[in-house]
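We have chain A; now place chain B onto it with these hints.
There are 2 protein chains.
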Amino acid sequence: MSAFHWQQQGTDGAARAGTLHTAHGDVSTPTFMPVGTVGTVKAMTMDAVRSTGAGIVLGNTYHLMLRPGAERVAALGGLHRFMDWPGPILTDSGGFQVMSLGALRKLDADGVTFRSHIDGSKHRLTPESSTRIQHLLDATITMCFDECPALPAEDEVIAKSMRLSMAWAARSREAFVARQGYAQFGIVQGGTSTQLRAESVAALRGIGFEGYAIGGLAVGEGQALMFSTLEATVPLLPADRPRYLMGVGTPDDLVGGVQRGIDMFDCVMPTRAGRTARAYTAQGQMNLRNARFADDAAPLEQDCDCLACTRHSRAYLHHLFRAGEMLGPMLLTWHNIAYYQRLMRGLRSAIVEGRLDAHAAALRAGWQSGPPAPAPA
Amino acid sequence: MSAFHWQQQGTDGAARAGTLHTAHGDVSTPTFMPVGTVGTVKAMTMDAVRSTGAGIVLGNTYHLMLRPGAERVAALGGLHRFMDWPGPILTDSGGFQVMSLGALRKLDADGVTFRSHIDGSKHRLTPESSTRIQHLLDATITMCFDECPALPAEDEVIAKSMRLSMAWAARSREAFVARQGYAQFGIVQGGTSTQLRAESVAALRGIGFEGYAIGGLAVGEGQALMFSTLEATVPLLPADRPRYLMGVGTPDDLVGGVQRGIDMFDCVMPTRAGRTARAYTAQGQMNLRNARFADDAAPLEQDCDCLACTRHSRAYLHHLFRAGEMLGPMLLTWHNIAYYQRLMRGLRSAIVEGRLDAHAAALRAGWQSGPPAPAPA
Numbered sequence: 001m002s003a004f005h006w007q008q009q010g011t012d013g014a015a016r017a018g019t020l021h022t023a024h025g026d027v028s029t030p031t032f033m034p035v036g037t038v039g040t041v042k043a044m045t046m047d048a049v050r051s052t053g054a055g056i057v058l059g060n061t062y063h064l065m066l067r068p069g070a071e072r073v074a075a076l077g078g079l080h081r082f083m084d085w086p087g088p089i090l091t092d093s094g095g096f097q098v099m100s101l102g103a104l105r106k107l108d109a110d111g112v113t114f115r116s117h118i119d120g121s122k123h124r125l126t127p128e129s130s131t132r133i134q135h136l137l138d139a140t141i142t143m144c145f146d147e148c149p150a151l152p153a154e155d156e157v158i159a160k161s162m163r164l165s166m167a168w169a170a171r172s173r174e175a176f177v178a179r180q181g182y183a184q185f186g187i188v189q190g191g192t193s194t195q196l197r198a199e200s201v202a203a204l205r206g207i208g209f210e211g212y213a214i215g216g217l218a219v220g221e222g223q224a225l226m227f228s229t230l231e232a233t234v235p236l237l238p239a240d241r242p243r244y245l246m247g248v249g250t251p252d253d254l255v256g257g258v259q260r261g262i263d264m265f266d267c268v269m270p271t272r273a274g275r276t277a278r279a280y281t282a283q284g285q286m287n288l289r290n291a292r293f294a295d296d297a298a299p300l301e302q303d304c305d306c307l308a309c310t311r312h313s314r315a316y317l318h319h320l321f322r323a324g325e326m327l328g329p330m331l332l333t334w335h336n337i338a339y340y341q342r343l344m345r346g347l348r349s350a351i352v353e354g355r356l357d358a359h360a361a362a363l364r365a366g367w368q369s370g371p372p373a374p375a376p377a
Numbered sequence: 001m002s003a004f005h006w007q008q009q010g011t012d013g014a015a016r017a018g019t020l021h022t023a024h025g026d027v028s029t030p031t032f033m034p035v036g037t038v039g040t041v042k043a044m045t046m047d048a049v050r051s052t053g054a055g056i057v058l059g060n061t062y063h064l065m066l067r068p069g070a071e072r073v074a075a076l077g078g079l080h081r082f083m084d085w086p087g088p089i090l091t092d093s094g095g096f097q098v099m100s101l102g103a104l105r106k107l108d109a110d111g112v113t114f115r116s117h118i119d120g121s122k123h124r125l126t127p128e129s130s131t132r133i134q135h136l137l138d139a140t141i142t143m144c145f146d147e148c149p150a151l152p153a154e155d156e157v158i159a160k161s162m163r164l165s166m167a168w169a170a171r172s173r174e175a176f177v178a179r180q181g182y183a184q185f186g187i188v189q190g191g192t193s194t195q196l197r198a199e200s201v202a203a204l205r206g207i208g209f210e211g212y213a214i215g216g217l218a219v220g221e222g223q224a225l226m227f228s229t230l231e232a233t234v235p236l237l238p239a240d241r242p243r244y245l246m247g248v249g250t251p252d253d254l255v256g257g258v259q260r261g262i263d264m265f266d267c268v269m270p271t272r273a274g275r276t277a278r279a280y281t282a283q284g285q286m287n288l289r290n291a292r293f294a295d296d297a298a299p300l301e302q303d304c305d306c307l308a309c310t311r312h313s314r315a316y317l318h319h320l321f322r323a324g325e326m327l328g329p330m331l332l333t334w335h336n337i338a339y340y341q342r343l344m345r346g347l348r349s350a351i352v353e354g355r356l357d358a359h360a361a362a363l364r365a366g367w368q369s370g371p372p373a374p375a376p377a
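In the order they appear, the protein sequences are chains A and B.
Residues in the first sequence are numbered from 1 upward in steps of one, following UniProt numbering.
Residues in the second sequence are numbered from 1 upward in steps of one, following UniProt numbering.
Hints listed in this document are in silico derivations from the structure and should not be mistaken for laboratory results.
A virtual CB, placed ideally from N, CA and C, is assigned to each residue, including glycine.
Mixed in with the good hints, there may be bad ones.
Some, not all, of what chain B presents toward chain A, calculated at C-beta under 8 Å [claimed, not checked]:
hint, residue
1, VAL38
2, LYS42
3, ALA43
4, THR45
5, ALA75
6, ASP84
7, ASP295
8, ALA297
9, LEU307
10, ARG311
11, ALA315
12, TYR316
13, ALA323
14, PRO329
The shape of chain A in the complex, shown without the other chains:
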């Protein structure tokens, strides 16, 4: 087994195509990582996830430490075996989730004390314990434990938070047990301030990680500010390491992120949308609950190879959601993850073939063309 590394296979402007080599297999980048918060990509079997071409999935330290517990997952052979995903897994550090608890958590310089959203029980996360939990889960990629304030916030608040996160990054690195093919990513913070982002990158590069994530974006600042922050930040990152934009986003966000040099993404959007009847397609979003699809004999998307599109009509999907049947969310989540994976494969080909901007423009034109017309039965 080789060391964890990212190998570049092509560039187009700032965008990169490559392969991530890990202890649990290789992943083509740019890549979208389906979110498996508590050890399941909601409403999908792992066979279904695999069928979409997904190469790496996410797990969540905060959720898994509370239920079923990291020691338990370790005793059961680790998260890969637990959830039937022998491929690479990246785990969130829990920092973002704990911060979202609001009144239920108390921050100090050493870590965060919080109450479980499940049963109110008291817990504590520190850089050391988060790193140890991710080790117990057997995460292929461990994330640093960080603090992340909601935007907008005072520059001073952002600066203080970022510096705390950088101190925690050093402690996370110290606690990380290096293993062949495993990695730990640092997380760049600093809000939308170019200066703070640069300071954060410098701190992380000083520590040294196998990959670098950009955190603290897509938290309310809007796409334009997110993109300009990426433009200022990404060029500061080492070119030979993978770059991960956390919690992003819409198909349009992904295209913009890739154009700005991002290799990895994760987001609950495609799975969450699937459960609420919203489909991502080359012609924009479709709400399958809409009455216009009641008699529509066409597949959701003509060229999609997911189960929903190859075997069923829009009318059937519409019916399932109207009837409140579980198969609706199951099929539409599957489709959305398939769409996101297809989107990433298309971007990768366009980078390798040096036609990314034209490809991106065509994608955006497609999304704006609106949902396809109903097909007669």
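Showing chain B alone in chain A's frame:
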């Protein structure tokens, strides 16, 4: 394509093994038909249903006429195409569901007027309209429209209801459009009265159907009365036609039904149980929410080839139900249908090999042995 018929391949006592030949393929009997009330076997893809070896599934006239509507299903190519099940489909006539509506329905000699449980809209079902709807759905096996009182009931009530159902059976037969490989089944009524059941069988045989169902059982009378009613009724049915015990039942009910000459069963139990964490196994029922499974590294059943058993531990299933994740119902429903299909295959082999009673005794002993002990991680 040959005519719809049932071919006997073996007997053991009153039990029969055979094959049902239909326009949509062949089905080995005895068979359990998963229930796909509104055009989906709840929480399963049809690929999953197929993987269990299921040969025929159920649809429901009452539910499908209300939503999405029989004309719509017909315009979309019929129920087979709509739900991705090219194999045989049997449709309930709607009689049983309409009767369950209680105050929402009004019975007259011609049919039943009722209000939809979905939106309160007014509808009417008669033997003719039920038969026509099943034709629109493209049901492989159409059921007669009948009336079915809840038990216990006065003999007089049962008798009157049965005679109305027999009059409706004649009208249903009249309305049925014969097609090569398609069938219509009459439904024997008469409660637990041997005499009324015999009268009902005579009436139905006088009309003549491709198969015979026994209705009005498993409605509160208890297993002993159900079995004694079967013992009195089944021998009166023509030996060369398939026999279907409607809405039954537990694994133990199925074994008893098969031993008394039944070829076909349907029941919501395995799917409903799967959604509420209850698993059917060779060692009886297991409730996966039970804390004893939290650290249990063993599969649900050692020799089961379903996705839940081949890829996951009981601990993982326990976790999914505790966390309220959709994959729990998905995996456990899959397992339960796989268990029911395996049960039927086992019964069939035992009939062919003339060892049904010993096999049934072994099955019952297994169910009473209780759930397996937790396996250490």
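Hint check results:
1. VAL38: holds (5 Å)
2. LYS42: Interface hint status for LYS42 (chain B): holds (6 Å vs cutoff 8 Å).
3. ALA43: With Cβ-Cβ at 5 Å, under 8 Å, it holds.
4. THR45: holds (6 Å)
5. ALA75: holds (4 Å)
6. ASP84: Hint holds; ASP84 (chain B) Cβ to chain A Cβ min 4 Å, cut 8 Å.
7. ASP295: With a closest approach of 6 Å, the ASP295 (chain B) hint holds.
8. ALA297: holds (6 Å)
9. LEU307: holds (6 Å)
10. ARG311: At about 4 Å, which falls below the 8 Å cut-off, the nearest Cβ of chain A leaves the hint on ARG311 (chain B) intact, so it holds.
11. ALA315: holds (6 Å)
12. TYR316: Status holds, d = 6 Å.
13. ALA323: holds (5 Å)
14. PRO329: Nearest chain A Cβ about 7 Å off; hint holds.
Checked against the numbered hints given earlier, this structure breaks none of them.
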